[in-house]
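S.K.: What follows is the residue order along each chain.
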Amino acid sequence: MMKIEAIIQPSRFESVKEALLEIGIEGMTVIEVRGHGRQKGHTEVYRGREYTVDLLPKVKLELVLPDQMVNRAVEAILKSAKTGKIGDGKIFLTRVEEAIRIRNEERGEGAL
Amino acid sequence: MKRMGILCCGLLTMVLLGVPFLRAQQPPAPATSPTSAGSASSPEVPQAVTDKLKELDQKVAAAQSSADNAWMLVSAALVLMMTGPGLALFYGGLVRQKNVLAIMMQSFALMALITVLWALVGYSLCFGTGQFIGNFEWAFLRGVGATPNADYAATIPQTTFMVYQLMFAIITPALITGATAERMKFSGTVLFMTLWFFVVYAPMAHMVWGKGGFLNASLGGRFPTLDFAGGTVVHITSGVSALVCALYLGKRTGYPKQPMPPHSLVLSFTGACLLWVGWFGFNAGSALASNGLASSAFVATHFGAAAAAIGWSLAEWIKNGRPSALGAISGAVAGLVAITPAAGFVGPRSALAIGFIAGVFCYWMVTRFKAMFGYDDALDAFGVHGAGGTVGALLTGVCARVAINPIFGEGKPVGGLDGHWGQVGNQVVGILFAWVFALVGTIVILKVVDLVTGLRVGEEQEVEGLDITLHGEEGYNLES
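Line by line, the protein sequences are chains A and B. No gaps in the numbering here: position 18 of the first sequence is 18 in our numbering, and each next residue is one more. No gaps in the numbering here: position 261 of the second sequence is 1261 in our numbering, and each next residue is one more.
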């Protein structure tokens, strides 16, 4: 089991969700976050005063998948989230030791 | 007024000449002489006709009065709308989220507070007789009723005039709250505004608009200052006092290092548009009648606002590469301020010029001038009202035309464009007077208030926000 954490542009979220649905992934957790990498925010000007807004809104997806699904999911996210500009985000993969479904206490990949 | 007069005369002559026409259905022959019919008092005219004429006279006057009164009541309501919700929204959007209710509450408190002061002695101090301040002839509104006060507005009930002028007294101190925003105590604000109304507003309003006032243009002032709707009385006094307050109070904690962007330009946008509409009551209503002058002032107001919005936006576009919504609405307000003293004196082309100049000038004031001197006029009450009011009052002296408003008598030149450049000098006197008066008065009041209630909230309160610390509530409980 792997956990995929993908931080993406909010504007790409709908197409990422669709791309994941297309390959049969239905469960995901979505968090609205703020942050920046190399993109470094933008400036706003109010009556001549400049403000640098360096934390920009992003969307973070979290999915835990059986190993054989992971590559396809990563590809789907890459394809649908990419605009080619700085600020497109990142994907992190981590190994997950256990998954438990709260309703019936089922364990392992069957719980996903 | 003039047009109404001509209309009435026309009506009367038509009645005098026309009644026999209609009855006889033939050319003038029977009613031999317009001259004999014209002299109503001559013995040949039967009593019934003179009675009828008197009755018609009264009816014409009553018809004019009800038309004027309807417009003036609407104008009064429009001017109140400028403070709440207009200014409250405009300022409310410009502060940070944690102070939105505090600033709105200041405007609203003035709607209540000034109204009570006005009823007690305020109206009398502004519009009683005297050189520097009015007397107590109208104190507690004694004798203020349906009978017009011919010195000010001969065709509307004095009650209407009184309540219309009240709305000006409400918005003027409310404008100052833009400079003290996000750091002044509520108790201090209430005391300051009460004193400011008596020490600065009432004398200034009286000197410019009141009977016998020192700067009055039509009722025997020594330096006739043209101020149609309040360039000196409203905008210079409030704007200059705002600057003094900003300097005296000091900067907001964290200014200018910490970002303090407006929390909702959507609110500000809505407020600015309400101000624009309300300003028709402010300026066109200052004709004090529903006449041609009101229409002229209405048009000048609108044109001034439009040209100023374009002026500010263009300046910003050139300077920053992008025109902003905040810039456009700020420009419109600056134009409305500048056209206020001029509205009833200048034609539409002058209005466009005044507006455009004010838009560019106020842009420079709030972006460059403020940065050069580093004072924290939080919402630019001085940069817009003080600066715009001064430019407007000055240009009024240049652009005022006898053709629009023969305030010094039929055919007598009014402003510089009429050839009467001395008027610019009178305007300068009025402007300087308003500046010095507001400056000195405000310093004295601030000292007093500082001793009695204190002016600034504590730093912790300021950081936490005035909504919670002063009023015990929040503007937005979005998760509840």
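Honestly, the hints are just simulated from the structure, not real lab data. Treat the hints loosely; a few may be bogus.
Said to hold, decoys possible - What follows is a set of in silico ranges between Cβ atoms, one per label pair, in the way DEER data are often shown: (1) M1372/B <-> G87/A: 57 to 65 Å; (2) N1320/B <-> E97/A: 49 to 57 Å; (3) Y51/A <-> A1154/B: 51 to 59 Å.
Said to hold, decoys possible - So, partial list: chain B residues that the calculated Cβ filter (under 10 Å) puts toward chain A: (4) L1094; (5) K1098; (6) G1254; (7) N1320; (8) L1326; (9) R1368; (10) E1459.
Yeah, the Cβ is synthetic: ideal placement off N, Cα and C, and Gly gets one too.
S.K.: Confirm or reject each hint.
M.R.: Hint check results:
1. M1372/B <-> G87/A: 57 to 65 Å: Given a distance of about 36 Å, which is not inside 57 to 65 Å, the answer is violated.
2. N1320/B <-> E97/A: 49 to 57 Å: holds (54 Å)
3. Y51/A <-> A1154/B: 51 to 59 Å: With Cβ atoms ~54 Å apart, the hint holds.
4. L1094: Holds, about 8 Å.
5. K1098: violated (17 Å)
6. G1254: violated (13 Å)
7. N1320: holds (6 Å)
8. L1326: Result: holds, 6 Å to nearest chain A Cβ.
9. R1368: holds (7 Å)
10. E1459: For E1459/B, the interface hint is violated, since the closest Cβ of chain A sits about 22 Å away, which is over 10 Å.
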